[in-house]
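Engineer: Generate coordinates for the entire structure from the input sequences, incorporating the hints supplied.
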Amino acid sequence: MAVNMDLERMQESANEACRLLKTLGNSDRLLLLCQISQSEKCVGDLESALGINQPTLSQQLTVLRNEGLVQTRREGKQIYYSLSSEVALDVMGILYKSYCNGNPPINHRSQIEKILLLITLVLGGDYPITS
Numbered sequence: 141m142a143v144n145m146d147l148e149r150m151q152e153s154a155n156e157a158c159r160l161l162k163t164l165g166n167s168d169r170l171l172l173l174c175q176i177s178q179s180e181k182c183v184g185d186l187e188s189a190l191g192i193n194q195p196t197l198s199q200q201l202t203v204l205r206n207e208g209l210v211q212t213r214r215e216g217k218q219i220y221y222s223l224s225s226e227v228a229l230d231v232m233g234i235l236y237k238s239y240c241n242g243n244p245p246i247n248h249r250s251q252i253e254k255i256l257l258l259i260t261l262v263l264g265g266d267y268p269i270t271s
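First residue of the sequence shown? That's 141 in our numbering, and the numbers climb one at a time after it.
By construction, these hints were calculated from the structure, which means they are not laboratory data. Be careful, since some hints might not be right.
[As the list claims (entries may be wrong)] Restraint-style ranges between C-beta atoms, simulated for each label pair:
#1 V183 to C240: 17 to 27 Å
#2 S198 to K162: 12 to 22 Å
#3 N193 to A154: 17 to 27 Å
Even for Gly, the Cβ is constructed at its ideal location relative to N, Cα and C.
Structural biologist: So, in structure tokens, the structure goes:
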């Protein structure tokens with residue numbers, strides 16, 4: 141019985157991790173999270189910085205909000221977006237180190253293992269590390 145409970149917990153964690161990775165698997169959403177992870181931004185700031193047209197921007201921000209990755213704050217007519225998911229912030233940090241610092245990743249397997257470890261630990265699962 142304990143094995144089934146562990147398997148159920150692992151399946152739930154895997155489903156949550158897949159959901160996060162699916163959300164991050166869209167280049168517009170990934171770019172938005174890169175911007176928002178640096179500091180709170182309003183739609184106008186995001187549109188200017190990324191060149192994503194407003195309808196697409198709003199659609200992708202809605203997906204990020206519905207997935208619990210960003211939160212909003214209203215100030216007058218402006219709506220500001222900020223990152224609300226520590227898991228997403230951690231994954232974004234790994235992606236940044238691998239792809240955005242000017243150096244190509246040296247060891248993709250190592251980076252993938254770090255991402256899997258991070259996701260499973262944060263979501264409450266166990267990930268066997270094989271180096």
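Engineer: For the hint 12 to 22 Å, verify it against the beta carbon of S198 and that of K162.
Structural biologist: Since the Cβ atoms of S198 and K162 sit about 20 Å apart, the hinted range of 12 to 22 Å holds.
Engineer: Tell me if the beta carbons of V183 and C240 are separated by a distance inside 17 to 27 Å.
Structural biologist: 23 Å, holds
Engineer: Is the gap between the beta carbons of N193 and A154 within 17 to 27 Å?
Structural biologist: 35 Å, violated
When each numbered hint is compared with the structure, a violation occurs for hint 3 only.
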